[in-house]
Amino acid sequence: MADSKYVLEVNDLHTSFFTDSGEVKAVNGINFKLEPGKTLGIVGESGSGKSVTAYSIMQILAQTGRITSGEVLYKGEDITKYSEKEMQKFRGSKCSIIFQDPMTSLNPVFTVGYQLEEAIMLHTNKNRAQARERAIELLKLVGVNDPEKRIHQYPHEHSGGMRQRDMIAMALACEPDILIADEPTTALDVTIQAQILELMQKLQKELGMAIIMVTHDLGVIASMCDEIMVMYGGRVCERGTADDIFYAPAHEYTKGLLRSIPRKENMNKKLVPIGGTPINLLNMPAGCAFCPRCDEAMKICLTEVPEEIRVGDTHLASCWMNVKEAFENSKEA
Amino acid sequence: MDNKEMKRSFLSAQVDVSKFNASNFEKATDDEKRQQDVMGESTTFFKDGMRRLRKNPLAMGSIVVLVAIILAILIAPHFVPYSYDEVITVNGQRDKTMTNLDFMCYSDKELAYMEETGEDLFPHIFGTDGLGRDYFIRVIYGTRVSLAVGVVAALMVVLIGIIYGSVAGYFGGKIDLVMMRIVDIIYSLPDMLIIILLSVVLKEVLAGKLAGTVFSRLGTNMISMFIVFGLLYWVSMARLIRGQILTIKNNEYVLAAKCIGTPNRKILTKHILPNCLSVIIITTALQIPSAIFTESYLSFLGLGVSIPLSSLGSLANDARAGMQSYPARLVIPAVIICLIVLALNLLGDGLRDAFDTKLD
Amino acid sequence: MAKYISKRILLAIVSLWIITLITFFAMNAIPGGPFNKEKATDPAVIQQLEARYNLDKPLGEQYRLYMKNLLHGDWGISTKSGRPIWNDMIEKFSVSAGLGLRAAVIAIIFGIILGAIAALNRNKLPDRLIIFFTTLGTAMPSFVLATLLLLVFCLKLGLFPVFSSENPNYTLPVIALAVYPMAYITRLTKTSMLDALNQDYIRTARAKGVSRTKVIFVHALRNALIPVITYVGPMVAYILTGSMVVENIFTIGGLGSTFVTSISTRDYPTIMAVTIFLAMLMVVANLLTDIVYKLVDPRIKLD
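Residue numbers (my numbering), protein chains in the order written: chain A, 1 to 333; chain B, 1 to 360; chain C, 1 to 303.
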């Protein structure tokens with residue numbers, strides 16, 4: 001088992017938050033496999049469970065959140081069974097994460113250097129002086145100018161883009177096998193966004209780590225992901241390569257999503273937003289999570305959760321429309 | 001159409017068509033879709049908050065306690081035949097055995113009187129005090145005074161605070177700067193010391209001048225306390241309101257109102273103040289205990305309500321002299337103060353949690 | 001930063017000046033004036049007073065002279081004892097300061113510990129117990145608490161001796177004085193701790209693999225304690241006014257009980273002097289609090 005081909009495997013993961021109003025099922029059975037050095041993109045709107053999936057892997061959910069079932073295999077080992085101590089060793093050294101808002105993700109009362117050194121010293125035997133050296137090296141790596149000076153500054157003295165670089169440097173401190181990027185560019189200016197993405201791709205090549213890119217920005221994902229996973233209501237709607245998803249969408253939600261963003265193909269058409277509101281995770285519909293908002297919804301969508309069906313070599317989707325197509329094909333034949 | 005062909009073959013390989021019939025793939029109606037869309041009940045902000053408040057046992061308990069206390073102080077004077085400053089007499093005669101009676105006891109003369117006439121006298125629920133006054137009714141009136149002081153002071157603070165804070169916050173700029181400098185200075189004055197000082201002074205200055213007015217019953221000390229509350233205590237409220245308004249002012253809906261030419265006064269009263277309402281209510285709830293505390297503290301220093309009127313603070317303070325022999329007389333007003341303050345604090349906290357407003 | 005500090009010091013000076021104005025003119029508004037001849041028993045004292053305060057001069061001039069004396073360390077003469085106030089006041093204050101400092105230290109240490117425990121056990125039994133008792137602690141006027149402590153532990157149970165200058169046992173007075181600020185700090189720490197624990201940087205620290213204890217005591221507490229600093233100023237004010245009650249009840253001869261006595265004996269020069277002295281302490285405490293707060297929190301923009 002230990003020589004698994006995949007660096008990360010997630011099987012039927014369920015995560016819930018237990019709030020005053022009841023159980024909020026944020027993730028409802030997610031599966032995916034990640035090979036070393038590859039990039040997996042997870043897209044979806046707010047509340048689709050993409051960030052919760054990421055936090056579940058790291059087990060850094062809020063106090064009310066808990067993985068209710070499923071397994072997360074790191075090189076074949078189930079880390080959901082890890083003790084808190086083992087988990088601490090795992091976080092930061094095997095798998096790191098960078099967050100959406102670099103403004104709030106760094107502790108305001110410690111210098112950037114302290115926070116970097118802390119990450120280094122936690123997982124290596126380096127003393128403070130060595131850790132400092134490494135921290136400076138890391139800042140250079142992520143393109144922070146004048147790192148010897150910057151390291152003594154507090155986070156509020158750095159700009160937004162620089163703070164995201166600090167975060168990336170911190171995440172890379174121990175050269176992890178997996179880097180989870182939770183909307184790493186959402187809070188940044190457009191020009192800075194491109195720089196950060198480029199930086200991540202460059203570092204991926206240099207260090208050979210796998211990246212999980214969580215975002216709601218389809219543009220970001222198209223450019224850099226080997227595989228894309230579209231999520232809705234805590235489930236995977238569709239997965240495939242960027243070409244599969246963008247040119248042959250096989251789930252009504254993905255189709256709606258693509259209709260709602262401006263592209264070359266629909267330049268002269270009106271953009272169509274997806275009607276309705278995101279579902280209430282407290283009360284999941286019995287059938288497909290998307291059916292209340294789906295224009296094509298059928299009787300069966302109301303009662304049965306669609307299974308994942310292969311619609312292409314690298315392309316899978318969970319939509320009853322595909323079954324309908326098969327049904328009609330068989331009648332024709 | 002390479003793709004289509006491929007998909008077709010993938011589909012036919014995977015899907016067991018026999019499991020389905022055509023009715024499965026009929027379009028769902030909008031109604032059916034809507035049924036699946038189980039939204040959380042649509043509630044208003046207020047309803048949602050009230051629901052959370054009702055779930056909070058401490059807050060609900062506080063409401064019960066407060067209502068009970070208010071009912072007691074409203075109703076009790078109607079059926080207790082004694083008055084708070086009345087030295088109880090039997091059949092019009094002074095009764096030496098009347099003092100320091102225990103709970104629910106009668107004096108010897110009262111017992112003799114009841115025997116003689118067969119008439120039932122109203123019991124002394126908490127006994128009597130050292131002067132032979134019914135302690136229960138004194139506690140009831142003391143509670144009335146303390147609560148009234150608290151509520152009036154809080155309302156004063158809130159009113160001044162809202163007006164001052166909203167003007168400063170709304171107009172901003174130089175007006176705000178000057179107004180807030182004044183607030184800073186007042187804020188840095190030690191309020192308690194000034195209350196004591198003014199109480200000492202006004203006691204002398206106002207003595208005699210109030211005779212015959214409504215204020216005379218309250219006494220000069222209460223007047224000076226209200227004056228000081230009016231002068232000093234509103235500043236934190238004003239700061240709070242100003243902060244709220246500065247935040248709300250930058251919201252788009254205020255800008256929108258401005259764009260369609262809504263006058264300043266209307267924007268302030270229609271758009272901004274209602275949005276500060278929860279903060280205002282919560283702070284008011286928390287302001288009342290602070291006023292009750294101040295009053296009891298002044299009573300301790302001998303600067304509280306004028307005799308023969310009593311407040312909970314002055315009752316507790318009077319009872320300190322005989323606390324070894326009659327501890328109940330200290331404990332009763334003390335417990336009531338605690339209950340009121342506790343209930344108001346818990347209710348305030350409950351409101352804050354329920355309406356989830358940020359207070360600092 | 002220098003600009004902020006000088007601005008803040010200026011504000012403190014203005015406040016102090018206003019306090020002396022209020023105090024002086026309020027006292028002079030009392031019929032017969034602050035140095036009412038009837039109340040000074042000793043004719044020699046009256047003479048001294050008249051000479052010192054130039055009672056024949058106009059009020060403004062009197063104020064100027066009073067202030068001049070004040071700044072030279074002459075705080076006037078008590079109409080009760082006929083002795084200079086300053087020496088007595090300092091002597092009494094050393095007693096009060098001993099009591100107040102003990103109370104402050106206890107309030108801060110226990111407040112922070114209890115607040116952190118409550119935050120970490122949110123909605124569990126320890127949290128509910130701590131919050132219940134701290135709420136109870138803030139719901140009782142200090143004189144009631146002090147009296148009850150005296151009644152139960154001193155007089156009924158005899159666990160502590162009654163306070164006397166030969167046998168000073170500060171336990172009960174310190175408790176009576178510390179309960180309210182401790183309860184306040186507990187609640188403050190809990191709120192800001194919960195706030196800090198919900199911040200993104202806590203998630204970052206956990207994601208780095210920092211242990212739970214270190215996340216709480218290094219990353220969260222450091223941030224959570226900043227708001228607590230702001231309470232130090234108000235706490236000094238509370239303890240100074242609270243000591244008036246507590247000293248009186250436990251018959252500790254400190255500045256607080258002197259003040260209360262001077263109110264009941266209408267010893268106006270003493271009331272004036274003590275008011276100004278205490279106000280000075282409070283203003284300075286607030287000033288230091290504000291400056292320390294700015295220094296500790298690196299987020300505050302330096303201008």
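It is worth saying that the hints were derived from the structure and are not from the lab.
Be careful, since some hints might not be right.
[As the list claims (entries may be wrong)] Here are the simulated BS3-like pairs of lysine-lysine, each with C-alpha atoms no more than 27 Å apart in a straight line: (1) A:Lys85 / A:Lys75; (2) A:Lys270 / B:Lys33; (3) A:Lys140 / A:Lys205; (4) A:Lys149 / C:Lys3; (5) A:Lys269 / B:Lys270; (6) C:Lys294 / B:Lys174; (7) A:Lys324 / B:Lys174; (8) A:Lys89 / C:Lys214; (9) A:Lys38 / A:Lys89; (10) A:Lys299 / B:Lys174; (11) A:Lys299 / B:Lys33; (12) A:Lys140 / A:Lys89; (13) A:Lys85 / B:Lys33; (14) A:Lys269 / B:Lys4; (15) B:Lys174 / A:Lys255; (16) A:Lys205 / A:Lys33; (17) B:Lys27 / A:Lys331; (18) A:Lys5 / A:Lys81.
Going down the list of hints, with the structure as the test:
no., hint, verdict
1, A:Lys85 / A:Lys75, "19 Å, holds"
2, A:Lys270 / B:Lys33, "25 Å, holds"
3, A:Lys140 / A:Lys205, "17 Å, holds"
4, A:Lys149 / C:Lys3, "26 Å, holds"
5, A:Lys269 / B:Lys270, "42 Å, violated"
6, C:Lys294 / B:Lys174, "25 Å, holds"
7, A:Lys324 / B:Lys174, "69 Å, violated"
8, A:Lys89 / C:Lys214, "14 Å, holds"
9, A:Lys38 / A:Lys89, "23 Å, holds"
10, A:Lys299 / B:Lys174, "65 Å, violated"
11, A:Lys299 / B:Lys33, "9 Å, holds"
12, A:Lys140 / A:Lys89, "26 Å, holds"
13, A:Lys85 / B:Lys33, "47 Å, violated"
14, A:Lys269 / B:Lys4, "24 Å, holds"
15, B:Lys174 / A:Lys255, "55 Å, violated"
16, A:Lys205 / A:Lys33, "20 Å, holds"
17, B:Lys27 / A:Lys331, "18 Å, holds"
18, A:Lys5 / A:Lys81, "20 Å, holds"
Hints 5, 7, 10, 13 and 15 from the list above are not met by this structure, while the remaining hints are.
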